[in-house]
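Fit chains X, P and A to the supplied structure of chain Y, relying on the hints for placement.
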Amino acid sequence: MDLNKLRETAAGIVSRDDVKYLIGWRRGTFGYRAAPYFVEDAAGVEELIFSPLCISNLAAYLTLVEKLPVPRGQEPDQRKVALLVKGCDSRAVNQLLVEKGIKRDQLVVVGLPCPGMVDWKLLAEKYPETEAPVEISWKGDDFLLLYNGQEIVVPRAEALAEKCRLCRHPNPLISDVTVGEPVQPWAPAEDSGVAEVEAKSTPERWAYWEEQFSKCIRCYSCRNACPLCYCEDCILDRLDPTWVNRAVNFSENTAFHLARAFHLAGRCIECGECERVCPAGIPLGKLNRKLAHTVREEYGFEPGLDPEAEPFQASYKPEDPEEFIL
Amino acid sequence: MSAMLLHKDKWSEFTGRLSGKNLWAPSLQGGIKKFAPVGEGDAVQLDAENTAVPPKALLFPQTETLFRFSEGQEDLEFPGLDEPVILLGVRPCDARAMAIVEKLFRWDYEDPYYLKRRELTTLIGLACNEPGLNCFCPSVGGGPASTEGLDILMVDLGESYLLEGLTGKGKALLEECKDLLEEAGADALQQKEQLVQEAASKIRRSVDPEGIPEALPGLWEDPLWQRVSAACLGCGICTYLCPTCYCFDIQDELEGAVGRRCRMWDSCMFEEYTKHTSGHNPRPTRRERTRNRINHKYSYFVDKFGVIACVGCGRCSNLCPVNIDLIDILRQVKAAP
Amino acid sequence: MSEQFEPNIVAFLCNWCSYAGADLAGTSRVQYPANIKIIRVMCSGRVNPLFVVNALQQGADGVLISGCHPGDCHYMEGNFYARRRLKLLKELLEFIGVDPRRFNMSWVSASEGHKWKEVVEKAVEDARAAGPFDQFRRRQIGW
Amino acid sequence: MTEKPKLGVYICHCGINIAATVDVEAVTEYAQALPNVVIARNYSYMCSDPGQLLIKNDIKEKGLNRVVVASCSPRMHEPTFRKALQEAGLNPYYLEMANIREQCSWVHEDREAATAKAKKLVAAAVAKVRLLEPLTSREVDAEPAALVIGAGIAGIQAALDIADAGFKVYLVEKSPSVGGRMAQLDKTFPTLDCSACILTPKMVDAASHPNIELLAYSEVEEVGGFIGNFEVKVRKKARYVDVSKCTGCGDCAKECRLAGRFPNEFDEGLGKRGAIYLPFPQAVPAKYTIDPEKCLFLTRGKCGKGPKCVDACRAGAIDFEQKDEIVSFKVGAILVATGFDVFDPVRKPEYGYAGYPNVITGLEMERLVSASGPTGGNIVIHNGEEEIVPKDIAFIQCVGSRDQSVGNEYCSRVCCMYTAKQAHLVKDKIPDARVRVYYMDVRAFGKGFEEFYDRVRREGIRYVRGNPSEIFKRGNKLVIKVEDTLTATPLEDEVDMVVLAVGLEPRGDARKIIELLRLSQSPDRFFLEAHPKLRPVDTATDGVYLAGCCQGPKDIPDTVAQAKGAAASALIPLARGKVAIDAQVAEVNEATCRGCGFCVSICPYSAIELVTVNRMGHMVEVARVNEALCKGCGSCSAGCLSNSIQPKSFRDRQILPQIAALGGTR
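Protein chains in written order, with this note's numbering: chain Y, 0 to 325; chain X, -5 to 331; chain P, 2 to 144; chain A, 28 to 693.
Chain Y on its own, in the form it takes in the complex (with noise of 0.2 Å):
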């Protein structure tokens, strides 16, 4: 990665007029983190990287900037918001142009290839997390660490993240610019972890997900990060209805994840955010796979390919499945 194109290529877009500010990842302030970072000006493109650690999906911040009120007699700002997104990211952004959720020409998007990212959990096993950042890199197939002071390889198998392995299109599929060469995508891994659990019988699966539900803390960051999940006033924060009470307990916490994997089913991207984020390490990627699965597999979908795809719970067509209809 010519991390200098990047740079350039960023500076002449936040130098524009008509562009608010560029996200993109700077180093964290410690051991594996990078960090979302936004840059206003041209100065601040010297903190851009991309690593295989810049593993977050930036395009949540397109609808989780807020919109406050304009003052009387003053105009909105207009300008446009650049982002940098991968091959999963930018399903985001079609995904969201399908949804209306943000408008192509207030958008710049500037694609980078993305030959997989690390799972710093996997390499926090071997080389455990230090108080300095670990430089990262791409090294061939594999990583390169710069890890106290030492060149370490580490092979992909070893670190690549779960998400990556799977991934079906790790080129953006949507960009005003590119900056590196498009990658030779892989053949994605079957996904073991569906697999696994679907493998499993009925009441162990319940007994899986009840562990698991049974942990979470509601603290909301698997929606917060979702790039999808963006409703304003979202239906599980309501009182009137109720949907999902605010208790924290296994029913409510299981309503909670049912309706948001239900919410997401035929637009999830498979970013893996929500998995990524939550604090209680609940499988969350598996619920919304296992529908990407079936909306993949019995209906031919998959969203954020195409921004004018028609969208898909919004839909149907007369041949749809229904085998399970009496």
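Don't read these hints as lab results, they were simulated from the structure.
Please note that the accuracy of each hint is not assured.
What the hints assert, rightly or not - Mimicking DSS-like on lysine-lysine, the simulated pairs with C-alpha atoms at most 25 Å apart in a straight line are:
| id | chain 1 | residue 1 | chain 2 | residue 2 |
| --- | --- | --- | --- | --- |
| 1 | A | Lys263 | A | Lys539 |
| 2 | P | Lys123 | A | Lys147 |
| 3 | X | Lys27 | Y | Lys214 |
| 4 | Y | Lys99 | Y | Lys66 |
| 5 | A | Lys272 | A | Lys350 |
| 6 | A | Lys357 | A | Lys605 |
| 7 | A | Lys539 | A | Lys357 |
| 8 | A | Lys264 | A | Lys350 |
| 9 | X | Lys27 | Y | Lys125 |
| 10 | P | Lys116 | A | Lys560 |
| 11 | A | Lys539 | Y | Lys316 |
| 12 | A | Lys147 | P | Lys118 |
| 13 | A | Lys83 | A | Lys110 |
| 14 | Y | Lys19 | Y | Lys4 |
| 15 | X | Lys196 | Y | Lys125 |
| 16 | Y | Lys66 | X | Lys269 |
Then chains X, P and A, alone, in the frame of chain Y:
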């Protein structure tokens, strides 16, 4: 009885005996570490890492029924709170946090639920020999073997645990178990001192809070708040998992004609936290909310109670998925003009 | 102990076909188990799949949804949307280990009083075999 | 809305229909204890006058503001009890019914179980009724005009009836003249009166009626709006002839360089016309039209030294500069009378229609026997070798009807009789002709039909029961291979001419009308009526009515009857001047709507649109419901992720408490 030794070969007998007294200890629950009840015969294993969910959840449950009601009936049903609890393996920072939070719950109104639970709880602390990456307790007045809030402090000496009764409650508990204990000698106490010093030296991160409470009001409109909050997801991780955060909401839950009034954790990082019925929100963005979180801990609480409402446990920095790092923020506060 | 478990089943029926079909079962004096309790909606397309989750959480042991046959929807397309949405919900429920016998969906027209009886009997038998669903009950767990 | 709910619960015995199985006293006692219930009563017949009086009195005396009636299906008596509420001064939508008869007492025998269930159903109704909202059904003004699409006999008749009732009618016809299929027919069965003689006066009436605006050679392009307020756009295609000047003299057509070069559609291709033409002599309007796909000047920009028609026309009516014109207007009702196509027998290759000039369709036969037809009514045919007067003639029935192999399972209803009529006409014109009719069944069900069929057979026309398997040529004859299924004898019949009694099919361009008007099709692909028996001229789209063969095959009397029926239905909104809009429609919470447009995609009625609103200084899109178009199905609501769109009376906040009540303790 002051300092006692519990040899590790008596550990299971010790925990077994306590397990009959509603004992809770850290345990891995589906991959997340938190306090869980110890059943009879359950092994209790204490390791270096602190729980992700702080033990505040036992004194201040995430969801707590205040009372139950039926529509059309005047009588309310209150939950009985009378069972003593023993928490084993509480870290000094988390115990300090309870002492800090108690100030709030004793303040203008004595909260019966919290205080009753506090009274019923015996805290057996475990000094930290191996502090975590983001631990910075000494910076905010604690330490790896701080005793504040604890009834018993326990130090892992390798072959045995050193147990110091700190309160009447703690001493009485040790007394009950004295057949399993032996008097600690000077060497044990010396070993403890050495371990604690070693632990303190292993703490890698620090920030000097000197001047922060005074500086914060002047930084109200400083651009740093925009900078440090831009990446914030507005989730509840940092506050829910903070041992000194105590905000709650009270809601009624109904099913048909029966219901309960309960209180549950709330978070100042949530948008609805300060949202008025009118729709107006005095803390309209994550900037104001982040600013509030820091001000609350490092300024308002200090003003009211004379102590920083942060114990340096590092959870917020560890668990924030977008690397919003408290120590980094505090450093920026100090560096601000 | 030998007394058999009587499941509680909440059903959502569209006004024009299935509710009318259930009415026809009544006027035809077709007999079926009383375990089923019907909520009338105008169209199966109105059934928010989260109603199913809510019903299971609030004490239903099984849920049944019934609408017009494809092509017969009074509103032309509502049942097609229902079919797609509820299939996804069904997959999700099964994936988290909810016994698939707790969820049934059917097409019952206004003239299919007898089919309605068969559908109800199946839903009741299914839910009975799946047993009481207390593991998810709001009041059982939270209160 | 903040008024505390005060409920009355009324449990009906329905004689013993309910009371025999459900312990109504126990249910009453149970209901009385439910929250907000002021009074619970039971009575033998709630729907009777005294039963309703109980409710009305309680509303007045006890100040009830919500009512639950536990009785029969709401599909039965909801209107009854709503009216009762209204008469007592309460909003009629403050009613919820518990169906404890059709869905409880009649289907369960166990008294205990039925009673327990009835209690739950009452509890659910009580839970819901507390949260119901008052609704008012609104009325909007209806435009006092109608659009009639298609000016065949159905469209003409309907237009005349509506116009005679005093309302404006826009009569839109795709082809250059009105008249439709009926104008092509010779005599009509069973009375043998001349089709043109009875139709032509009506065509003239339609064109000259002061209330009818005839838009011939025009097509409907766009229909928006809803009953009472349709907004219509019609494309008036350019004729390249100024109709205000054209006298219909025909001098132009005689001079056209291409005169007689193209098959004339009206004559089913048996006659010829030029590039400028009048479809048939009695055409209304009697104005010439230039075929833009044929005219040399229009296709190549050049016609000899100059278009001869221009020179020929003394009125100076030819205008090559003419352009299509879009006409917009509003109507309150739309009547669809777009007619049919005949089955194309090329799809039955075994009959050789494509290859043999002496195999013709029934409609071609109509033109052949017509005095105004290309042969002046003489039956002459080319057999491939020479022009002859056929002496051996066979008719084959059910071509393209009752035939699953071509996808037409239905009977076309007119072929048996038009075959009998044509057989009769053949006998009339060629008395020595040998005429056979191959049939599957003869359906002579109408007034005078069986009598006519008997008459034809008495005239010496032979009916052979059998479905021919093949037609091939032998010498200058056609050979029909067929099995006489009554005698089980295989036959080979040598004939000079075969007439295929082709059936009726939906028009090839029906899809356009479906999309314009949101119509549905029945399995036979004809337009679907709202109810096959009780609403045969209505459609699922309010304000759109059907007449004639677009709804299904029918003969002229049935078509006219249906046209008059459809006209009467269409007159209802026009005559009232108002249309009621359903009160139970969807509503958007614009504050929470995120403008994703899912509801817009979902709505089968195009009742939802995205509009831009100012949300605290930001221009954002939100959904908005056109209440006049919304039918309240609620499909939008279940597809809305923020649950911002909700059908009134079936809102989430009204349904979730029902669920809670039905769940509850087991």
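Each hint, compared with the structure:
no.: 1; hint: A:Lys263 <-> A:Lys539; in the structure: holds, 17 Å
no.: 2; hint: P:Lys123 <-> A:Lys147; in the structure: holds, 22 Å
no.: 3; hint: X:Lys27 <-> Y:Lys214; in the structure: holds, 10 Å
no.: 4; hint: Y:Lys99 <-> Y:Lys66; in the structure: holds, 16 Å
no.: 5; hint: A:Lys272 <-> A:Lys350; in the structure: holds, 17 Å
no.: 6; hint: A:Lys357 <-> A:Lys605; in the structure: holds, 14 Å
no.: 7; hint: A:Lys539 <-> A:Lys357; in the structure: holds, 20 Å
no.: 8; hint: A:Lys264 <-> A:Lys350; in the structure: holds, 7 Å
no.: 9; hint: X:Lys27 <-> Y:Lys125; in the structure: holds, 20 Å
no.: 10; hint: P:Lys116 <-> A:Lys560; in the structure: holds, 23 Å
no.: 11; hint: A:Lys539 <-> Y:Lys316; in the structure: holds, 20 Å
no.: 12; hint: A:Lys147 <-> P:Lys118; in the structure: holds, 20 Å
no.: 13; hint: A:Lys83 <-> A:Lys110; in the structure: holds, 10 Å
no.: 14; hint: Y:Lys19 <-> Y:Lys4; in the structure: holds, 21 Å
no.: 15; hint: X:Lys196 <-> Y:Lys125; in the structure: holds, 20 Å
no.: 16; hint: Y:Lys66 <-> X:Lys269; in the structure: holds, 14 Å
Of the numbered hints stated above, none is contradicted by the structure.
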